[in-house]
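Undergrad: Which chain is which? The protein sequence lines are Z and H, in order. Using the numbering used here, you'd call the opening residue of the first sequence number 1 and step up by one each time. Using the numbering used here, you'd call the opening residue of the second sequence number 193 and step up by one each time.
Simulated from the structure, these hints should not be mistaken for lab results. Treat the hints with care, as some may be off.
Result set (SDA-like, lysine to any residue): computed pairs, CA atoms no more than 25 angstroms apart in a straight line [unchecked claim]:
1. K35/Z to R340/H
2. K227/H to T238/H
3. K118/Z to R243/H
4. K35/Z to K307/H
5. K310/H to E352/H
6. K28/Z to A275/H
7. K227/H to R363/H
8. K310/H to D73/Z
9. K310/H to D351/H
10. K118/Z to T262/H
11. K220/H to D208/H
12. K307/H to K28/Z
13. K118/Z to H247/H
14. K35/Z to G56/Z
15. K118/Z to Q168/Z
16. K310/H to V27/Z
17. K35/Z to R333/H
18. K220/H to K35/Z
19. K220/H to A83/Z
20. K310/H to R51/Z
21. K220/H to Q168/Z
22. K118/Z to S378/H
23. K28/Z to G326/H
Footprint (simulated), chain H over chain Z, 3 or more residues, beta carbon under 8 angstroms [what the hints assert, rightly or not]:
24. 26 to 39
25. 101 to 110
26. 132 to 146
27. 172 to 182
For every residue, glycine included, the Cβ atom is placed at its ideal position computed from N, Cα and C.
There are 2 protein chains.
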Amino acid sequence: MSNTAYATPASINGVDVATLFATLDAVKGQNEIAKFQFRAENTWQTGTHSRSRIHGFYGAGQELTHTHETVLDADHPVVLTGADHAPTPVEYLLHALAACLTAGIANIASARGVKLTKVTSTVEGDIDLLGILGLSDGSVRNGYQGIRVEFDIEGDADDETLRGIVEQSRRRSAVYDVLTNPTPVSVSVVTG
Amino acid sequence: MSNTAYATPASINGVDVATLFATLDAVKGQNEIAKFQFRAENTWQTGTHSRSRIHGFYGAGQELTHTHETVLDADHPVVLTGADHAPTPVEYLLHALAACLTAGIANIASARGVKLTKVTSTVEGDIDLLGILGLSDGSVRNGYQGIRVEFDIEGDADDETLRGIVEQSRRRSAVYDVLTNPTPVSVSVVTG
Chain Z
1 MSNTAYATPA SINGVDVATL FATLDAVKGQ NEIAKFQFRA ENTWQTGTHS RSRIHGFYGA
61 GQELTHTHET VLDADHPVVL TGADHAPTPV EYLLHALAAC LTAGIANIAS ARGVKLTKVT
121 STVEGDIDLL GILGLSDGSV RNGYQGIRVE FDIEGDADDE TLRGIVEQSR RRSAVYDVLT
181 NPTPVSVSVV TG
Chain H
193 MSNTAYATPA SINGVDVATL FATLDAVKGQ NEIAKFQFRA ENTWQTGTHS RSRIHGFYGA
253 GQELTHTHET VLDADHPVVL TGADHAPTPV EYLLHALAAC LTAGIANIAS ARGVKLTKVT
313 STVEGDIDLL GILGLSDGSV RNGYQGIRVE FDIEGDADDE TLRGIVEQSR RRSAVYDVLT
373 NPTPVSVSVV TG
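For reference, chain Z alone in the conformation it holds in the complex (with noise of 0.2 angstroms):
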């Protein structure tokens, strides 16, 4: 980090550049504390309305919890027979998608010394009730047929710069791997 009179500066982008080579660093000599386990917990509430928790994790070896506990609510709107508390759940797979591309943006620019001014997206999501509606003949899937990410981005670097930003933050991002290709998901039942 400190080799030259020149070295990257401790803190870019709100991004703290020492502590991120320190952390790959670390991760390099020790593999294992790279596996990580994300969790929610959900509680149906009414109609089409349920509530998740989110707080431990665990991570770098141990158990571990976040600074404060999430509550996030999801519902279907009135237009389909909710009662629009919150989002939809597909509506949250969007966020996810771009906090994701976001943060990998950020991140990246940081080790990279260039220096952010702006970062925006718009995220689309086409999809076709049919599938889920069950009165498709098959051909219209369950899920978004396609979804669309538009980056709007500044800082002190040329164009192509900050495309080969958001070129690696995509080609590095979980969520982009996860909605592009296919993960395995199992659903087991307790009943009462």
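Based on the hints, put chain H in the right spot on chain Z.
TA: Just chain H now, kept in the frame of chain Z:
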């Protein structure tokens, strides 16, 4: 709906079953109204912290808005050099999955005349960060290696009926589909 004196009650589990069936009939008669588009607008804050706003969407042939706008934050935990202002993007995927399956369970149980008294779930996702950190030889993916959902469900039906409701919800879940099957995602960039 009211062909017999023993018709399904108008509302069960907080689900307006009459409206649910009417919605199905309306979509059967006019498939076009099943086309929806959901959206999120995300703005980078600092470091790995970003914030999404969810409000407008398209569906049932018109531009619509949720009853209220929802603001969602995301961040990385301190152990991943974030400031832990909020859950990680990948944790939002777990909430989305639990919420989608649970909303489906409520709708399907209601359509089948089963009164639910409890639906809780725990979702766990395993992820090896060697992928996103770029420290893998390519064998470790960026996203979850596997996700497990465990439901605890109680209601006025036997074990087999309750398990059948969960299974039907899984088969019709939009989020389950997006996670377990590939979804096309495009990322475009505008630079300042």
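Undergrad: Does each hint fit the structure? Answer for all of them.
TA: Against the structure, the hints:
| no. | hint | verdict |
| --- | --- | --- |
| 1 | K35/Z to R340/H | 16 angstroms, holds |
| 2 | K227/H to T238/H | 36 angstroms, violated |
| 3 | K118/Z to R243/H | 13 angstroms, holds |
| 4 | K35/Z to K307/H | 41 angstroms, violated |
| 5 | K310/H to E352/H | 16 angstroms, holds |
| 6 | K28/Z to A275/H | 23 angstroms, holds |
| 7 | K227/H to R363/H | 20 angstroms, holds |
| 8 | K310/H to D73/Z | 17 angstroms, holds |
| 9 | K310/H to D351/H | 14 angstroms, holds |
| 10 | K118/Z to T262/H | 22 angstroms, holds |
| 11 | K220/H to D208/H | 19 angstroms, holds |
| 12 | K307/H to K28/Z | 53 angstroms, violated |
| 13 | K118/Z to H247/H | 22 angstroms, holds |
| 14 | K35/Z to G56/Z | 15 angstroms, holds |
| 15 | K118/Z to Q168/Z | 18 angstroms, holds |
| 16 | K310/H to V27/Z | 42 angstroms, violated |
| 17 | K35/Z to R333/H | 12 angstroms, holds |
| 18 | K220/H to K35/Z | 47 angstroms, violated |
| 19 | K220/H to A83/Z | 23 angstroms, holds |
| 20 | K310/H to R51/Z | 13 angstroms, holds |
| 21 | K220/H to Q168/Z | 44 angstroms, violated |
| 22 | K118/Z to S378/H | 20 angstroms, holds |
| 23 | K28/Z to G326/H | 10 angstroms, holds |
| 24 | 26 to 39 | holds (count 9) |
| 25 | 101 to 110 | holds (count 7) |
| 26 | 132 to 146 | holds (count 10) |
| 27 | 172 to 182 | holds (count 11) |
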